[in-house]
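J.: Work out the full structure, taking the sequences as your base and the hints as a guide.
Residue numbers (this note's numbering), protein chains in the order written: chain F, 7 to 219; chain L, 307 to 618.
If you're looking for bench data, these hints aren't it; they were derived computationally from the structure.
Note that the structure is predicted; figures quoted are calculated from it, not measured.
Take the hints with a grain of salt, since some may be wrong.
Claimed, not checked - Under the rule of at most 25 Å between Cα atoms (straight-line distance), these lysine to aspartate or glutamate pairs were calculated in the DMTMM-like manner:
1. F:133 / L:367
2. F:125 / L:612
3. F:84 / F:96
4. F:200 / L:367
5. F:84 / L:573
6. F:133 / L:516
Here are the chains, one letter per residue:
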Amino acid sequence: MTVAAEAVDGPGGGRDVRRWRRPAGAALAVLVPLGLVLSGCSGDDQPAGESAPSQEATAIETLATTVRVGEVTGRLGKDRARRTAEAVADVVDGWLDGAYVAGDYPRDDFADAFPGFTKGAARLAGKQRGLMSNAAVGDRVESVTPTRRVVRVDLLAPKGEPAGATAHVDLVFEVAGEVERTEQVRGRLLLTPKGDGWRVFGFDVERGEVRGR
Amino acid sequence: MSERKQDRARWTRGWRRVVRTSVLGALLAAVAVAIPDGDVAPTHLSLVKFEHAQGVDSDPEVVWVLAVGSDARPGQDPLRQRGDTLQLIGMDTRTGAATAIGIPRDSWVPIPGHGSNRVNAALFFGGPQLMGEAVAGLIGIEPDYVFVASFRGVEEVNKDIGPITVRNPRPFSDEYLKPRGYESGKIKLRGYDAVSFSRIRKSLPGGDFDRSANQQRVLRGFHARALELADRPGGIERGVLSVMQHLHTDLGPAELFRLAQAVAQVDPRKITTCVLPGGIGNVGGASVVLPDTATAQRYGDDARKDATIKRC
Numbered sequence: 007m008t009v010a011a012e013a014v015d016g017p018g019g020g021r022d023v024r025r026w027r028r029p030a031g032a033a034l035a036v037l038v039p040l041g042l043v044l045s046g047c048s049g050d051d052q053p054a055g056e057s058a059p060s061q062e063a064t065a066i067e068t069l070a071t072t073v074r075v076g077e078v079t080g081r082l083g084k085d086r087a088r089r090t091a092e093a094v095a096d097v098v099d100g101w102l103d104g105a106y107v108a109g110d111y112p113r114d115d116f117a118d119a120f121p122g123f124t125k126g127a128a129r130l131a132g133k134q135r136g137l138m139s140n141a142a143v144g145d146r147v148e149s150v151t152p153t154r155r156v157v158r159v160d161l162l163a164p165k166g167e168p169a170g171a172t173a174h175v176d177l178v179f180e181v182a183g184e185v186e187r188t189e190q191v192r193g194r195l196l197l198t199p200k201g202d203g204w205r206v207f208g209f210d211v212e213r214g215e216v217r218g219r
Numbered sequence: 307m308s309e310r311k312q313d314r315a316r317w318t319r320g321w322r323r324v325v326r327t328s329v330l331g332a333l334l335a336a337v338a339v340a341i342p343d344g345d346v347a348p349t350h351l352s353l354v355k356f357e358h359a360q361g362v363d364s365d366p367e368v369v370w371v372l373a374v375g376s377d378a379r380p381g382q383d384p385l386r387q388r389g390d391t392l393q394l395i396g397m398d399t400r401t402g403a404a405t406a407i408g409i410p411r412d413s414w415v416p417i418p419g420h421g422s423n424r425v426n427a428a429l430f431f432g433g434p435q436l437m438g439e440a441v442a443g444l445i446g447i448e449p450d451y452v453f454v455a456s457f458r459g460v461e462e463v464n465k466d467i468g469p470i471t472v473r474n475p476r477p478f479s480d481e482y483l484k485p486r487g488y489e490s491g492k493i494k495l496r497g498y499d500a501v502s503f504s505r506i507r508k509s510l511p512g513g514d515f516d517r518s519a520n521q522q523r524v525l526r527g528f529h530a531r532a533l534e535l536a537d538r539p540g541g542i543e544r545g546v547l548s549v550m551q552h553l554h555t556d557l558g559p560a561e562l563f564r565l566a567q568a569v570a571q572v573d574p575r576k577i578t579t580c581v582l583p584g585g586i587g588n589v590g591g592a593s594v595v596l597p598d599t600a601t602a603q604r605y606g607d608d609a610r611k612d613a614t615i616k617r618c
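T.: In structure tokens, the structure reads:
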């Protein structure tokens with residue numbers, strides 16, 4: 007399991023972080039967060055297939071997540087908001103990788119699909135794992151290729167301290183193998199701070215097959 | 307451990323984090339903003355098949371909130387006046403079901419340590435905790451949270467979240483609170499109107515019982531409005547902030563946020579509401595409601611585990 011990271015200046019003087027992930031040899035690799043790309047507040051999201059970053063991309067690299075700071079309710083400086091959104095997106099990425107994108111396919115082990123979830127939320131997600139992960143099709147899939155990974159984070163910080171976050175997620179990926187199709191997972195993860203990190207305590211997610219662009 | 311003892315244990319835990327304040331509709335409205343996710347990316351794709359998953363990790367899984375509308379006037383402590391609005395609200399975070407049990411304000415009930423009195427006097431005698439205990443004695447469910455709101459607090463939160471829509475079954479008015487009255491049918495309520503719609507009693511044929519039913523209509527209106535706002539970026543977050551600004555609460559923002567998100571998961575199709583029936587009696591020359599205590603216990607037994615009442 008190897009992860010390379012780099013940082014470049016982003017639009018508006020912001021700091022973009024791209025962490026390139028190489029396909030892992032072991033199922034545990036799914037727990038490694040994919041990279042982030044931090045940008046400022048957003049315009050329209052890119053259409054699928056257009057958000058793949060950059061010059062460094064090679065055959066062994068996968069799509070990095072575009073992270074956007076959404077609405078900030080309360081008082082939180084721009085840099086702090088950006089760092090907080092990145093921390094939230096790290097947790098979200100753990101789920102996107104563990105549940106859908108990473109791992110060795112064909113894959114039938116999704117026991118670690120929900121890192122960063124509270125125990126109760128992981129249990130709830132596990133009961134709906136056909137939607138909240140690739141568990142329903144994993145053993146008939148040879149590869150998963152993401153074409154869009156966007157996370158927009160709304161923050162609640164009423165007293166200058168982050169107290170809650172809604173992570174709006176948009177993931178599009180192509181599966182190939184016995185099952186071949188393009189799928190979209192979108193919705194929101196609900197998080198609160200716990201210790202020095204964030205935990206997912208709830209979710210409201212939809213998933214569908216995509217045809218046409 | 308018996309169900310009763312479990313409830314007691316939960317009650318005790320609940321009070322450590324409890325509440326002082328807020329609103330009823332306030333929570334269900336301001337806080338209850340947001341749901342799915344319309345604002346993620348205009349997709350250039352077409353979904354031909356889609357499924358939905360949701361859930362909120364909550365302990366307990368069925369959350370009970372006693373919403374109390376205090377009749378405190380400006381300058382008075384809303385936590386030590388009489389409660390005008392009493393709605394015991396349950397939410398099953400596993401299923402999205404919710405129920406509201408309306409308790410007529412003048413219901414004559416035992417109040418621990420104070421003999422018997424109108425149920426709304428419990429707030430005056432002992433604040434939110436005693437109010438919760440009095441209701442628990444009647445229904446058999448001890449709330450995890452007690453929210454107390456002043457009229458002004460409800461007004462302000464309603465102004466923040468915008469007008470609500472209610473289905474009013476009959477026209478009614480009040481020469482002091484709403485001389486022009488409310489028309490029947492689907493009507494919009496803004497600010498003060500949401501409060502007076504919930505307060506008027508004398509001109510309603512069923513008096514206190516009809517008023518309690520109107521309060522439940524307002525609750526549904528707040529919830530529907532919350533879901534309308536749900537797709538807007540930062541909707542839940544702004545709702546929580548509104549509650550924190552206009553209502554006094556000792557819940558931390560993170561816990562309020564979690565509670566708000568639980569409210570936002572309530573499915574409007576799974577909301578049931580009942581008003582506790584009773585007869586009119588006279589105690590010491592004062593007109594009171596003599597609640598049907600058997601029905602009260604039945605409601606509690608019915609809804610305790612799944613926040614659903616099968617029949618009123």
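J.: It remains to establish, for every hint, whether it holds in the given structure.
T.: Hint check:
1. F:133 / L:367: holds, 15 Å
2. F:125 / L:612: At roughly 21 Å apart (the allowed maximum being 25 Å), residue 612 of chain L and residue 125 of chain F satisfy the hint.
3. F:84 / F:96: holds, 18 Å
4. F:200 / L:367: holds, 20 Å
5. F:84 / L:573: Violated - the C-alpha atoms of residue 573 of chain L and residue 84 of chain F are around 36 Å apart, more than 25 Å.
6. F:133 / L:516: violated, 42 Å
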